[in-house]
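Engineer: From just these sequences and the hints, can you work out the full model?
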Amino acid sequence: MTNLEPRAGDAARTLEGLRAAVSAIEQGASPPDEADLGREPAPAPPSDPQTADADADPYVVARAVVLRLLTGAPKSRAELEKALRRKDCPDDVATEVLDRFEQVGLVDDEAYARTFVRSKQAGRGLARRALSHELRKKGVDDEVVQATLDEVDPEDERARAHELVAKKLRSMHGLDRTVQTRRLAGMLGRKGYGPEVSRLVINEALDAEPEHQRD
131 MTNLEPRAGD
141 AARTLEGLRA
151 AVSAIEQGAS
161 PPDEADLGRE
171 PAPAPPSDPQ
181 TADADADPYV
191 VARAVVLRLL
201 TGAPKSRAEL
211 EKALRRKDCP
221 DDVATEVLDR
231 FEQVGLVDDE
241 AYARTFVRSK
251 QAGRGLARRA
261 LSHELRKKGV
271 DDEVVQATLD
281 EVDPEDERAR
291 AHELVAKKLR
301 SMHGLDRTVQ
311 TRRLAGMLGR
321 KGYGPEVSRL
331 VINEALDAEP
341 EHQRD
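All the letters of the sequence shown, read from the start, carry residue numbers 131 to 345 under our numbering.
FYI, nobody ran anything at the bench for these hints, they're computed from the structure.
Please note that the accuracy of each hint is not assured.
Here are the simulated distance ranges between beta carbons [stated by the list, open to error]:
(1) A277 <-> V223: 28 to 38 Å
(2) D229 <-> K267: 21 to 31 Å
(3) S301 <-> N333: 15 to 25 Å
(4) G316 <-> D187: 44 to 54 Å
(5) T225 <-> R320: 30 to 40 Å
(6) P325 <-> T201: 39 to 49 Å
(7) A252 <-> D222: 56 to 66 Å
(8) G202 <-> E232: 10 to 20 Å
(9) P284 <-> R320: 12 to 22 Å
(10) E232 <-> D286: 25 to 35 Å
No farther apart than 25 Å at their CA atoms in a straight line, the calculated lysine to any residue pairs in the SDA-like style are these [what the hints assert, rightly or not]:
(11) K321 <-> M302
(12) K298 <-> D286
(13) K267 <-> R215
(14) K321 <-> A252
No experiment lies behind these values; they were computed from the predicted model shown.
Just so you know, even glycine gets a beta-carbon here, dropped at the ideal spot from N, CA and C.
Structural biologist: What follows is the structure, encoded as structure tokens:
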């Protein structure tokens, strides 16, 4: 089975939890435990950094940008760095702010990669090759990508390929087997499945189709 079940550090944080964690490290206190992340929120940073005063503390603005992005959807550190750069945040400020978010586990590329893989496997049926490409586009380190994809069970991946082929075949009845094979192979290839897995899955599916069975 796929060993990508959520870990304690992967738990989704609420807006209140994010604010509590950031507040703690900014006040010099120890980062809150996982169980503390749902407690009463600390005062929120500026909600819209774009409207902040030009003389605003760049650290405050950077923290607000990161907080807003993290409450919208999971992000890799590289994505957050790009966002801060687009806001003309100084590199040293961005590094320090992101380091602080990492201290409390709110920026965590390993957790991000695991969540990304679970989502894209379930939603789009992506295989490891495509997942690797997508994660690297997000700026995730090669070692983190490899470690995450090593947890994907090949049998689970093959089962997902069978599901994709079965779904596609429902709209391909009556076509020549060669045409069906070519189209199915193209579909699986775009989702990152290798030639060998694609060949086996497609042949198994087509052999089971009544229209391709001998009388």
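Engineer: Take the hints in turn and mark each one as holding or not.
Structural biologist: A quick look at each hint next to the structure:
At about 30 Å, the CB distance of A277 to V223 agrees with the hint of 28 to 38 Å. For D229 paired with K267, a C-beta distance near 23 Å keeps the hint of 21 to 31 Å intact. Between S301 and N333, the C-beta spacing of about 19 Å keeps the proposed range 15 to 25 Å intact. Checking the proposed 44 to 54 Å range against G316 and D187 shows it holds: the Cβ atoms sit about 53 Å from each other.
T225 and R320 have their C-beta atoms about 37 Å apart, which keeps the hinted 30 to 40 Å range intact. A C-beta distance of roughly 42 Å is found between P325 and T201, which places it inside the suggested range of 39 to 49 Å. Roughly 39 Å separates the CB atoms of A252 and D222, a value that falls outside the hinted 56 to 66 Å. Distance hint check for G202 and E232: the Cβ-Cβ separation is about 19 Å, which falls inside the suggested range of 10 to 20 Å.
Checked against the given bound of 12 to 22 Å, the beta carbons of P284 and R320, roughly 19 Å apart, stay inside it. About 30 Å separates the C-beta atoms of E232 and D286, a value consistent with the hinted range of 25 to 35 Å. A C-alpha spacing of about 19 Å is found between K321 and M302, which places the hinted pair at or below 25 Å, so the restraint holds. With a C-alpha separation of about 19 Å, the suggested pair K298 and D286 falls inside the 25 Å cut-off, and the hint holds.
Taken as a hint, the K267 and R215 pair is honoured in the structure, with Cα atoms around 17 Å apart against an allowance of 25 Å. Of the supplied pair hints, the one linking K321 and A252 holds, its CA atoms being roughly 12 Å apart against a limit of 25 Å.
In this structure, only the earlier hint numbered 7 is contradicted, and the remaining ones agree with it.
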